[in-house]
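Single-letter residue listing:
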Amino acid sequence: MRFIGAILFTATLGLVVAAGFPARASAQEAPDVGPTPRLVVKPMESHIGNVTGHAAAAKSDYRRYCAGCHGDLGDANGENAVWLDPKPRDFTIATFKCRSTPTGTLPTDEDLYNTIARGLTNSNMPIWNTFTKQQRADLVAYIKIFSPRWEKEKAGDPIKVPAEPPVTLESIAHGKALFTKLECWKCHGPAGKGDGPSAATLTDSKDNPIRPYNFALGKDDSRFKCGDTNQDIYKIFMTGVDGTPMPSFADVIQPNDAWDLVHFLRTLQINRHGKENEVLSAAHGVIPPYVDRNPAPTAAPADNKSPGGGQ
Amino acid sequence: MRTKQTLLALLMLLVCSSLMFAGTVSGKVTYTGTPAKQKPIDMGKEPSCAKQHPTPVTNETVVTGPNNALENVVVYVSSGAPDDGQVPAQAVTFEQKGCQYLPHVLPMHVNQELKITNDDQTSHNIHPLAKVNREWNKSQPPGTPPISEKYDKPEFISVKCNVHPWMHGYFAVLTTNHYDVSKGGGDFKLPNLPPGKYTITAWHEDYGTQTADVTITGNETKDVNFTFKAKAY
Chain Z
1 MRFIGAILFT ATLGLVVAAG FPARASAQEA PDVGPTPRLV VKPMESHIGN
51 VTGHAAAAKS DYRRYCAGCH GDLGDANGEN AVWLDPKPRD FTIATFKCRS
101 TPTGTLPTDE DLYNTIARGL TNSNMPIWNT FTKQQRADLV AYIKIFSPRW
151 EKEKAGDPIK VPAEPPVTLE SIAHGKALFT KLECWKCHGP AGKGDGPSAA
201 TLTDSKDNPI RPYNFALGKD DSRFKCGDTN QDIYKIFMTG VDGTPMPSFA
251 DVIQPNDAWD LVHFLRTLQI NRHGKENEVL SAAHGVIPPY VDRNPAPTAA
301 PADNKSPGGG Q
Chain A
1 MRTKQTLLAL LMLLVCSSLM FAGTVSGKVT YTGTPAKQKP IDMGKEPSCA
51 KQHPTPVTNE TVVTGPNNAL ENVVVYVSSG APDDGQVPAQ AVTFEQKGCQ
101 YLPHVLPMHV NQELKITNDD QTSHNIHPLA KVNREWNKSQ PPGTPPISEK
151 YDKPEFISVK CNVHPWMHGY FAVLTTNHYD VSKGGGDFKL PNLPPGKYTI
201 TAWHEDYGTQ TADVTITGNE TKDVNFTFKA KAY
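Protein chains in written order, with my numbering: chain Z, 1 to 311; chain A, 1 to 233.
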């Protein structure tokens, strides 16, 4: 009798337990957040020179070095992200700041590869020059798994950067005239100190406050976000810095005018030793007013009768 | 000769009947409650624009008319329209004038040409914050030619100018040509709808979307009204 009672008791207990726990168990099966990313590593590739990167090869590097800020899912929600300003890049949108390609297009593999090695000045993105070329190429491929854009679109055609003309006082003067005319100073300030009338109101595309670049900071070590050569500066305003208030000027600046603007921007880096500041100090630091020697013709020039004329 | 005449007659009959049986959906968009007061815009930092507005203009997030009319609501056929995919040949124009967007909300068809002009004496940057489509950002100094663009996916895209933070507008990229934007009296009209079942959607940038189902049986005008609940702030 006691034996039967014990069996009955155990059976009832078992039933109660079985009825009570499945709900909890299934609630725990699919957590909203958790250590395991719900992620498929698509077989994306990158091509940098003769190196081919494979997404699958970068899995552990990404989780060890990148996920802390950029997040396991590439959505810029890594555990450090809340503490960072500017915020880490959100790879799910596939909008990138440093490109050689026109605004609104995907960057080239080289663009991303260079960004990893260079780091992003004025941000928490360090210089990852400890990686091998192969590691970096693999990481470039890995970044592509987060947005379907990489499967549907090709990278934009890189903008052409013509050879740099010599730095002259006239080139600097013309650059200054363009800086005024194109209203770069509205954000960057008349002296390029990042204190223009619109500077305080700027936000990036995720509504986070963002500062315009202050050219006057730093000395010889001053860096731009997307590189520190004159070619890099040329590219920054021609491609725009996507995801930020900095627009593309590719449709409104002629290639040679763009070089004049580069030369003037270099003089805003007042503490930097360079060709541009040498030319300027030879002129006692005074930029003369720009005189347009080739004003746009209002009518067809009289002395140019034979357009196909042999010269 | 005779066959030609018969054909012509048949064609006329076809055209007439399609015109005769074209229905219309029309109505009014209104709100209930008290909308947030729209703040006057201080254009002091851009004198060339400020002087174009003797009385300061306000934000255009919520624009109302008499009798609780709600303006700038995009009303469109979201399903059932027969001409999906027909891209109009002519472009739609988005104008920057007096540091404002004209119109504030611009509907267009997917892949339709979008022309952006700058009538001001100042540089603007046109920065549509697209999420589904490509996000681009272009500078347009005074006197430069119109920017020509198009969007290949349907989306409501918020547009801003980073230089003039008060400038704000919307592109409504749709997969239909049957659309209208409610004006002063909150009225809208969607003509030339052949008989069929349609879903009409009304979209407001702050108050969200509403839908209504309507059936057109012939040459008739169906009344559809939308009422949005105003947000206090």
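There may be inaccurate statements among the hints.
What the hints assert, rightly or not - Under the rule of at most 20 Å between Cα atoms (straight-line distance), these lysine to any residue pairs were calculated in the SDA-like manner: (1) Lys131/A with Glu151/Z; (2) Lys59/Z with Glu79/Z; (3) Lys206/Z with Thr64/A.
I should point out that these hints are in silico values taken from the structure, not numbers from a laboratory. Computed from a prediction, not measured in an experiment: that's the story for all the values here.
Restraint check for Lys206/Z with Thr64/A, where alpha carbons must lie at most 20 Å apart: This hinted pair is violated, its Cα atoms lying about 29 Å apart.
Does the structure keep Lys131/A and Glu151/Z at a Cα separation of 20 Å or less? holds (17 Å)
Quickly compare the C-alpha distance for Lys59/Z and Glu79/Z to 20 Å and report which way the hint goes. holds (18 Å)
Of the numbered hints stated above, the single one contradicted by the structure is hint 3.
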